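Make the full structure from the sequences, and use the hints.
The lines below spell out each chain.
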Amino acid sequence: MTRLILGPFNRVEGDLEVQLEVADGRVAEARVKAPMYRGFEVVLQGRDPMDAMTIAPRICGICSVSQSVAAAKALADASGVVVPANGVHATNLMLACENLADHLTHFYVFFMPDFTREVYAQRPWFGEAERRFAAVVGGGPGNGLHNRAALAARARWLELMGALGGKWPHTGAILPGGTSRAIESTERVRLLTRLREMRAFLEATLFGCALEELAALHSLADLHAWRMRAAGSDLALFLDIADDADLAQLGAGPGRYLSYGAYLQPNASHALAQGVWDAATQQRLALDASQISEDLHHAWYAQNSGTQPLHPTDGLTQPDPDKAGAYTWNKAPRLAGQVVETGAIARQLVDGQPLIRDACTLYGGTVLTRVLARLVELARILPMMEQWLMALQPNEPFHQVQAMPEQAQGAGLSEAARGALGHWLRIDKGRIAHYQIVAPTSWNFSPRDAAGTPGALEMALVGAPLDAASTDGPGTSVAVQHIVRSFDPCMVCTVH
Amino acid sequence: MTFNVLWLQSGGCGGCTMSLLCADTPDLPGLLRDNGINLLGHPALSLKGGADHIGLLQDCVHGRVRLDALCVEGAMLRGPHGSGRFHLLAGTEVAMIDWVRQLAAVARHVVAIGACAAWGGITASGFNPTEACGLQYEDALKGGLLGAHFRALGGLPVINIAGCPTHPGWVTDSLMALAAGLLTEADLDPLGRPRFYADQLVHHGCTRNEYYEYKASAAKPSDLGCTMENMGCKGTQAHADCNTRLWNGYGSCTRGGYACISCTEPGFQHPGHPFHLTPKLAGIPIGLPTDMPKAWFVALASLSKSATPKRVKQNAHSDHVVLPPVPRKTGLR
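Protein chains in written order, with this note's numbering: chain R, 1 to 496; chain X, 497 to 829.
Simulated from the structure, these hints should not be mistaken for lab results. Since we're looking at a predicted model, the values are computed, not measured. Do not rely on the hints blindly, as some may be mistaken.
[Unchecked claim] Pairwise CB distance ranges (calculated): (1) D594(X) / Q308(R): 38 to 44 Å; (2) P354(R) / H766(X): 20 to 26 Å; (3) H766(X) / R190(R): 35 to 41 Å; (4) R807(X) / N267(R): 35 to 41 Å; (5) Q810(X) / P354(R): 48 to 54 Å; (6) H700(X) / G46(R): 32 to 38 Å.
We put the beta carbon where it would ideally sit given N, CA and C, even for glycine.
Right, dumping it as structure tokens:
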């Protein structure tokens, strides 16, 4: 066996290192290392509870709204405030705006440029991939045309955040009691134009068809028939490349998927259901959030006094950079002791989206199905946003005032673009006494636990082939690049 | 000749890059290229990583690649105990602060992208567990990672494009000015911030100015009134052009209904009071508008409060306009 150390990975959010043990040209073992510590949980202690609304979004520059929503939910849980319907819709519009922007950024800026690497230079689709998807840096003029168009569409799209939240990232408009920026009826029309512009981009460039047509695909057979109709779209080109590069078989995860439920509605239902999808039994199980724990065995944190991993309501964050056997600044979250995968694929599986269920039944959670789930989600959520925008009731309140209690406890579970995000806090004498965060990539890029069970990415990397041409060099693997990026990792959240 | 830019990220959230991608242009890569700016490497945007990326850093350090501007996003994590081990650059086992020291020594210009890289920022909150600081400042204290007397090879101190996040226009305008040789020491304010945005106040162009004039103050979130008196707004003191340049099309913090927390100023992360509440002494806000004598502020505030039109007073406490301005029959004179 030889050891390979890969990193830094560009085109992921934050810094990442992956250590591989390689045998017979394939990955035999993987360890995922988050090489930075930031300390947000400890600096929140002692602050006024509302300060979390300024500090928490700054955990992450790419899922800042998601952090705001989780913090606001935790504080709302602690205070018991009931958010007015307009506040719910406005919050969901901001969250969806960010999540869709992230999916778009992932596909065009982070994921697809890997198919313009030299290793693929002889493939028949290479020239077209370069023309459309060459990286923003290093792609050369005349190339990456669709990436550049996607960036422009994204910037325009985030003007929704300018209106609803003042700016992005790091809005202060999301609050436990709703939102601070009421939208008037005439303004709503202006916002609708932004939704229409993004719809036009997605339909013309990414899908080559109406969003509703894509979202209604029920099976892989449907998808293959659709490909014939939408040849020339970026999704169709991706599927061609995926066939050629065997992405359907690459990077299988643990087969258990977690979603906290996305876009809570005024009637307390979720637009995308909450639960756990167990691929082995094809069952959707109820979420029991009391079964969440974080194992510290292989993380650079001092072990708690007990032997059992703690639930985040009791979890501790005490850095110990010299700890023996540790290899990352990420803790190991587990649900009832088990490794789970989270993200768009989990949301779509739990929610029962037929195409993603069908694709995962055949292939499992792999590079192909993760990417496909994100794109299906884009097509499903934008029409919902149009409905939420129209559901705003002009002159009705967006925010409800409620004082923060002196003593309280709260949990905020939400879905970021990358999956399940939870904040757990306790208020004591009017100050934050305890704050723990479990981010989506904490789940997906988890290290081993006490039993030595690897995390989701660590499992997914096993079996990945090295590049054929790399026998003379230090060893490279474009397959590893695809698998890592198929999770759309956010390392800055992970090392909060 | 192209202007070579290397972009690094350390103790931060990556939000300044995400903000940069919101630049108000139909083609950001084209905008940079057309101004002669060549991004050598960027953690979120480069095709190649790993050994290629590390090789690029070494090429710059050893002078094989000319480095015109080193852009650093995120705070410098000196902990634990000055070792920098809270961020070892992936694949290198070398502390990011050591990479930055080496690269800053060979760069013609060194640019701090955002509040964390400038002063430590939000990363230096609380008891600063990561020993975070900025490139040339620790909060308002000169020094930071590179030292108070640091000058890049081009002669300038670190250029602090502070903000949390920083505005995409501040970054593109600064890089374009540097590439064109148009940014001199006279164009930086005493904190090293480009004057084109730091010689403004957030208050300038604030849509709540009529409420400010009459001290018709918001009492709760979503109120339309001025947020200075009660809600923690520092827009009358914070140096930035947020309300004339605008964010994401037509936004700003005050337009989003919440306080300016003066995120372009050193030390904004620990204001000594909850962000959302204005600290007061005997009912008077402690933080008075820039350049305004206290006696005059108190006198004018009490006078304008008594002169507040009913329309302004009522709208200030609503989330939408309940009393619109009355149309005048005789035209405006």
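Here's how the hints hold up against the structure:
Taking 38 to 44 Å as the suggested C-beta distance range, the pair D594(X) and Q308(R) conforms, at roughly 39 Å. P354(R) and H766(X) have their C-beta atoms about 51 Å apart, which leaves the hinted 20 to 26 Å range violated. For H766(X) and R190(R), the Cβ-Cβ distance of about 38 Å falls inside the hinted range of 35 to 41 Å, so the restraint holds. In this structure, R807(X) and N267(R) meet the distance hint of 35 to 41 Å, their C-beta atoms being roughly 37 Å apart.
A beta carbon spacing of about 53 Å between Q810(X) and P354(R) agrees with the range 48 to 54 Å that was offered as a hint. For H700(X) paired with G46(R), a C-beta distance near 35 Å keeps the hint of 32 to 38 Å intact.
Of the numbered hints stated above, the single one contradicted by the structure is hint 2.
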